[in-house]
Structure formats: structure tokens, C-alpha cells
Amino acid sequence: MKNEDVVRLFDLYSNDLYKFAVSYLGSKHDAEDVVQEVFAKLLDKHMFFENRNERAYLMTMTANKCKDHLKSSSRADADLESEEWHLQYYEGFTERNKAVFDELMRLEEQFRVPIYLHYYAGYSYKEISRILKISESAVAVRINRGKERLRIRLEE
Amino acid sequence: MKDTFDKVVMDEERQEEIRAALIGKKRAKKTWLAPLVAVAAAIAVIMIVPYTREVVVRAAGEILRNITVIHNGRTLKYTEESEIVVDGKTVRNFTLDYNVESGYSYAQVKDNRLYFVLDDKWTDITDVCSEDKYIRYEEKGDDGSKFIIYIGGTVSDHGVMQALLDADGNCISVICNQDELPKWAEKALKDDKIEPNFVMTGTGGNFL
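Residue numbers (my numbering), protein chains in the order written: chain R, 1 to 156; chain U, 1001 to 1208.
Watch out, some of these pointers could steer you wrong.
Said to hold, decoys possible - Sample of chain R residues lacking proximity to chain U, with all beta carbon distances greater than 10 Å (derived):
1) K19
2) Y90
3) A140
4) E148
Claimed, not checked - Okay, derived cross-link-like pairs now, DSS-like style, lysine-lysine, Cα gap no bigger than 27 Å in a straight line:
5) R:K71 - R:K28
6) R:K147 - U:K1002
7) U:K1110 - R:K98
8) R:K133 - U:K1110
If you're looking for bench data, these hints aren't it; they were derived computationally from the structure. Here the structure is a predicted model, which means the values were calculated and not measured. Yeah, the Cβ is synthetic: ideal placement off N, Cα and C, and Gly gets one too.
Whenever a hint applies, use it, and build me the whole structure from the sequences.
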């Protein structure tokens, strides 16, 4: 793929992919690395896709990269009480935003990623099943369970 | 959640850094305008191909080569036509017509086992396939061309890739029914030293 095509896609979708990677990995630094790896890979690939499939295609690539990151790193779960964790907050985060962010990151990745994809990124269960390579019924179960856990925690 | 994630944005400096790197980075492989001996990927503007669609339609001319493969009730037809000039380079012009409106996939799952299915012959490949392992099936045409099927992955996440090579071993086409080439597919191309000018991928699921 030509440089200018990859840059066009970067300008259009880098923030979407970044948010998705953050929902997956929780870490700003890791999410930035994933975004860089996804677009660098596009440069080296002789692949093409229809415009309407670009975003979904890139989300799938991002999910795969995030899974590789999780497999290869010997990271411990984020310590949400640590000073370091607070560096993961973003500018403009209210106390409510911090609470939502913390509780989402406390959920296991298998629950929070489908919840993010459905409630924030707006993907259907079918689209999520393709991005994450799991069945639609698994998507439904994970979203329902994750929602319930999130609701209970946020009410506490 | 919307309000929270609206505020999750990439650091601008880091974003610019990556962007600049993409602009300046040299591509790792040769250009996609193939020279005469390879396939005319350049003219195709190949997209992810829905499985019922003809891939490339271009100027008619003398037909140089015709390869037809029929398996599992499906037909793959490759027709190579006269050469044309694109951006000053002479390239081959071809049509790849893959009719999958009927028939069935090479990979089937039954009783939680993965099978390679070829014209009603079922071979259990569950234990020899994985995320980075695949099976390979090859047929040779009378003209020396090769048609290769690869299946890899697991029972719940598997895929099919097919490669068509001409008599000189040059890659004519590679089609994979996954959104992105999985590890086993990349390994298969590497093991067979196949360097496609393009790869057709698809979200059609069982179109191979």
C-alpha cells in the first residue's frame, strides 16, 4: 500500500484505533505502540480493501495486535490504586470519568472489549464477532455479563 | 461511557511522530506494478472481493492462457489476456472468475473436528492445524500450472487460502477467506516462497 494511502487512513482512523487499543490494554503507551504497528504493517502489505470496510478491517488488525501484546508481555494487572495508574487518565477527565474508566479497566478484557465496541464504537454483535473472532452468542453473553458487573460496581 | 472515551485521545506529539514516520518510511517490498513476468495486479484496483464477483475485467484481446479448477461444486477460472502498458510498464492482463454460488467450502467442522473436504472426501485435519500450522494440498495442471489449497487454524477459528501459480512458479493469485492473513497463512506463503503481488482477502467466511 502506498505511503499516501496509509497516511490518509492514519488521519481518518488513528484515534478510533487508539481508543480501541486503550479499551483493550489500558495503557496509553501500549495503545500508541499498537497503533504504530498497525499502520506500519499496512505499508508492508500488498492488501487493498473497499472503502466501506476500511474501519472494520483496521479494527480487526488492532484487535490482533492487542492480543499479541497481551500474550507476549508478562504484565501484571494494572494497579488502579498506584500513582502510575493515574497517569493513564486523560485531560478533562472528571471524577465521574475516572470512576467509569477505572471500573471498565477493572473488568476482565473479555468483557470490557465487547462492551467498548458495542456501547462506544457502535458496532453490532455480528460486527464485534468478526473483529474479535468469537461467536455472536459469545459476544452477547460477554456484553450482558460485563454490563451487569459494571452496573453493580458503579452503584457501590 | 461516551463522555469518558470522547476524552481518550492520542498524545498529539506522538501522533505526529508516527505520521511523520509513515510518510518517510520506505516500503519493505517491491512496488505493486508488476513487471512483465508477473501478474498484472496494478491494473486491478483489487478490493476485498465478495465471492460472487468477478475480480478484474479489462481490455479484451488474445487469450494467452486459461486455467479452470473445479472442486466441491465451485469453479475457479483464470483467463490471461494480452499485455497492456500501465505507467510505462508492460504488464499482464487477467480475469479471475470465482463462482461460489453453489458448492461448499474446503474446510468443514463436524462434531467439533476440522476437516479438509475435497469432492466428498473428508480428511480430519484437527490435530495437524493450529494458529501457525496448516495443511497443504496441491494439484498440477497439464500446462504446468499449480493450484494449492492451504487450511490452517483451529476448529473455532480456521481459514482457507488458495494460491494459483503459473508453470514458471510465478504467483498468479492468492485468495484467503479471512479479513487479514493469519499466522499460518503467512507461514505457508513463506514456506512455499510465494510472493504475491496482491492478496485477495474477504469477509465472506465460507467462500473458499
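We went through each hint and held it up to the structure:
| no. | hint | in the structure |
| --- | --- | --- |
| 1 | K19 | violated (5 Å) |
| 2 | Y90 | violated (5 Å) |
| 3 | A140 | holds (16 Å) |
| 4 | E148 | holds (15 Å) |
| 5 | R:K71 - R:K28 | holds (18 Å) |
| 6 | R:K147 - U:K1002 | holds (15 Å) |
| 7 | U:K1110 - R:K98 | violated (47 Å) |
| 8 | R:K133 - U:K1110 | holds (19 Å) |
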